[in-house]
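Please work from the sequences and hints to get the whole structure.
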Amino acid sequence: MSEATEMTAILRLQREPFDAAGEVAALTRGRADIGAVVTFTGICRADENGEPITALDLEHYPGMAEAEIGRHVEAARARWPLLGVTVIHRYGRIAPGEDIVLVVTASSHREAAFAAAEFLMDYLKTRAPFWKQVEKAGDEEARAKTWIEAKSSDDSAVERWKSA
Amino acid sequence: MSEATEMTAILRLQREPFDAAGEVAALTRGRADIGAVVTFTGICRADENGEPITALDLEHYPGMAEAEIGRHVEAARARWPLLGVTVIHRYGRIAPGEDIVLVVTASSHREAAFAAAEFLMDYLKTRAPFWKQVEKAGDEEARAKTWIEAKSSDDSAVERWKSA
Amino acid sequence: MKVRYFAWVRERVGKAEEDIDPPADIATVSDLVAWLSRQGEGYAYAFENPNVVRSAIDKRHVRADARINGAKEIAFFPPMTGG
Amino acid sequence: MKVRYFAWVRERVGKAEEDIDPPADIATVSDLVAWLSRQGEGYAYAFENPNVVRSAIDKRHVRADARINGAKEIAFFPPMTGG
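For the protein sequence lines, the chains are F, V, L and W, in the order given. For the first sequence, the working numbering begins at 1 and goes up steadily by one. For the second sequence, the working numbering begins at 165 and goes up steadily by one. For the third sequence, the working numbering begins at 329 and goes up steadily by one. For the fourth sequence, the working numbering begins at 412 and goes up steadily by one.
Just so you know, not all the hints are guaranteed correct.
With a cut-off of at most 20 Å between alpha-carbon atoms, the simulated DMTMM-like pairs for lysine to aspartate or glutamate come out as follows [stated by the list, open to error]: (1) F:K162 / V:E275; (2) W:K426 / V:D221; (3) F:K136 / V:D197.
From the derived model, a few chain V residues whose C-beta atoms are all more than 10 Å from chain W [said to hold, decoys possible]: (4) A173; (5) R176; (6) Q178; (7) G186; (8) G206; (9) E223; (10) W244; (11) G261; (12) S272; (13) H273; (14) R291; (15) P293; (16) K296.
Calculated from the structure, these hints are not laboratory results. Even glycine gets a Cβ: it sits at the ideal position worked out from N, Cα and C.
Written out as structure tokens, the structure is:
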């Protein structure tokens, strides 16, 4: 492996919160070939479709989630000159204001870093086996949980990577 | 101003390094309406066009740089439903591995955050009055400085925002 | 063959996974969906709109016409909403 | 009227800024560039390819046909390379 194409890929699914800054530092530390780092953080909002929520609950398919994300990290590497990629996706109960997902992409130049981060997010939304439930306000007994429906805008977003 | 459209804009030009994580925290702290944060960090590489460099030296046009970036932050706000924007651009001598520029965009959803961050970076590259000089390796006397030439790929990148 | 269910498919079927032994003429994922739909009310409810339910064989997305021969694990779930 | 020079335009002209008083028939930025080019070797070198040099009036980008009447500060510089 030549030094010029050295690429770090980190992929983790976890219940615990993550430290975005620490992950960026881990990806860039000791390297002077990275010129651009794009970080996407998905955060739990306090509302869903205009209604207040108390939490999100994320279910996932262990094993397949890692495999599916790993395949898309490989596809991103094949498509853009990346020097580093980190994907961390949480599962379990997540309160408003907490982070849900982190994608970090590093490259020599900004175009590849932006494109790969968007590509990975579009695929995470539509292809990674995670399902979100919202927990609506109310006391312990009254808390209604509802599965979030997939958005057709997410399907259109992922389509753009197929034609190019 | 309604709470739903509350937007924080931070714009700084400085000689000192910045703390990307601290800036993201400042933008998102105490809010639960932000669902997506995109961070772009531009970093000084140890090479320019394949040749090793010892530093970049950034000159800027004080007053105009702030005004020009401010106008593009306003244009981004008008175009996408942003909840926060931070732009920090350093000037002066910057060593390989050090950060040069930071753009943070926050929105309810990822599409706006990604698009606004790319828009701002494309404009910073081509319209913000900054000029980069590279300092090539050598002893104090022999250090040659060369102005970096503008890239036509950056001009094409900025064109895409005009047709849409 | 192991079958796994996720999200509201799991809730409707009433279990997260089970081992099944479908008849030999069940060749594809859509054959299996039709067969499962006849195994009880929960299954019928879960697969009431088979076009909505997604499937994976051995942890890879597949279409309804994929052959199940040799599969170790087949999973059914709603459209994904991660990220 | 104050004129400011940046990057290699500044280096070629040999100064960062100066106050000038061009003749009354100098109406546009390109008139001013032509007039400055006649003020010495450094100026001629800085503006040898006038299409490359960018200009701003009162801290806003302008084209070469912009009128300079009323301008407080005119700046000349190479294409920007920030970000």
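Okay, the hints, checked on the actual structure:
no., hint, verdict
1, F:K162 / V:E275, "holds, 18 Å"
2, W:K426 / V:D221, "holds, 18 Å"
3, F:K136 / V:D197, "holds, 16 Å"
4, A173, "holds, 18 Å"
5, R176, "holds, 14 Å"
6, Q178, "holds, 14 Å"
7, G186, "holds, 21 Å"
8, G206, "violated, 6 Å"
9, E223, "violated, 6 Å"
10, W244, "holds, 19 Å"
11, G261, "holds, 17 Å"
12, S272, "holds, 26 Å"
13, H273, "holds, 25 Å"
14, R291, "violated, 6 Å"
15, P293, "violated, 6 Å"
16, K296, "violated, 5 Å"
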